[in-house]
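Chemist: Listed below, chain by chain, are the residues.
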Amino acid sequence: MEIVQIVAIGIICVIILSILRETNKDLAVIISLIASILIFFIVIPKISNIITVLNTIADKSGINSIYVTTILKIIGIAYIAEFGVQLSNDANEKNIATKIELAGKIIIVFLSLPIIIALVDTIVSIMP
Amino acid sequence: MSIDVIFKIAAIGILVTVLNQILIRSGREEQAMMVTLAGVVVVLMMVITMINNLFTAVKTIFQLY
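These protein sequences, in sequence, are chains X and C. Heads up: the first sequence begins at 32 in our numbering, then just goes up one per residue. Heads up: the second sequence begins at 56 in our numbering, then just goes up one per residue.
Among these hints, one or two may not hold up.
[As the list claims (entries may be wrong)] Each computed DSS-like pair below joins lysine-lysine, with the alpha-carbon atoms no more than 27 Å apart:
#	chain 1	residue 1	chain 2	residue 2
1	X	Lys91	X	Lys77
2	X	Lys125	X	Lys136
3	C	Lys63	X	Lys56
4	X	Lys130	C	Lys114
5	X	Lys104	X	Lys125
6	X	Lys104	X	Lys130
7	X	Lys104	C	Lys63
8	X	Lys77	X	Lys104
9	X	Lys56	X	Lys130
10	X	Lys136	X	Lys104
11	X	Lys104	C	Lys114
12	C	Lys114	X	Lys91
13	C	Lys114	X	Lys136
14	X	Lys104	X	Lys56
15	X	Lys104	X	Lys91
Source of the hints: derived by calculation from the structure; they are not laboratory data.
Using the sequences and the accompanying hints, generate a full structural model.
Modeler: As structure tokens, then:
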């Protein structure tokens, strides 16, 4: 049962953080960072299973594999960007958080350009 | 990857805070600041490898190269 592990890590971190938040703010930020890393490492095997299943389904249904990898890349970028944004928000740096968010969105749009082009091509070929 | 890291860092944090208080009370503000800085540096050295692991894991899983 990984969920018990995850909740235990979360509760322990919250208790430690409530002690450290008043006395030592910089270490509190680092502890919340480590907690999120630990929780993510518990979930990693499940994610890789899900991704292999998605890939096999995409192969069977004959979808071009470029699209699936693009979607996976977008999910990864969104996760990393969200990680940075939450951390900066925790440390009360709203300015940097907003910049990271904007950069993440721009990179996601850039990655999805091939899909948009393919969509436009399909629409043009359908139109008489 | 285990929860030990969190306990280690919490211990470092509490220790640094206590040392900080003692040094400030005995009138050594500069050394108190140095102790705080040293604590942050030690913790950062522990954390950097974990952050690197996380980013490489995300890159390999989501095929971001």
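Chemist: A separate judgement is required for each hint: does it hold in the structure or not?
Modeler: Consistency of the hints with the structure:
1. X:Lys91 to X:Lys77: Holds, because 21 Å separates the two Cα atoms, which is no more than 27 Å.
2. X:Lys125 to X:Lys136: Roughly 17 Å between the alpha carbons, so the hint for lysine 125 (chain X) and lysine 136 (chain X) holds.
3. C:Lys63 to X:Lys56: At roughly 16 Å apart (the allowed maximum being 27 Å), lysine 56 (chain X) and lysine 63 (chain C) satisfy the hint.
4. X:Lys130 to C:Lys114: holds (21 Å)
5. X:Lys104 to X:Lys125: holds (26 Å)
6. X:Lys104 to X:Lys130: holds (20 Å)
7. X:Lys104 to C:Lys63: Distance ~34 Å between lysine 104 (chain X) and lysine 63 (chain C) Cα, so the pair is violated.
8. X:Lys77 to X:Lys104: With Cα atoms ~17 Å apart, lysine 77 (chain X) and lysine 104 (chain X) stay inside 27 Å; holds.
9. X:Lys56 to X:Lys130: Answer holds: lysine 56 (chain X) to lysine 130 (chain X) is near 23 Å, not above 27 Å.
10. X:Lys136 to X:Lys104: Measuring from Cα to Cα gives roughly 13 Å; hence the hint holds.
11. X:Lys104 to C:Lys114: Judged against 27 Å, a Cα distance of about 8 Å means the pair holds.
12. C:Lys114 to X:Lys91: holds (25 Å)
13. C:Lys114 to X:Lys136: Measuring from Cα to Cα gives roughly 18 Å; hence the hint holds.
14. X:Lys104 to X:Lys56: With a Cα-Cα distance of about 34 Å, the restraint between lysine 104 (chain X) and lysine 56 (chain X) is violated, given a limit of 27 Å.
15. X:Lys104 to X:Lys91: Roughly 21 Å between the alpha carbons, so the hint for lysine 104 (chain X) and lysine 91 (chain X) holds.
The structure does not agree with the numbered hints 7 and 14 stated previously, though it agrees with the rest.
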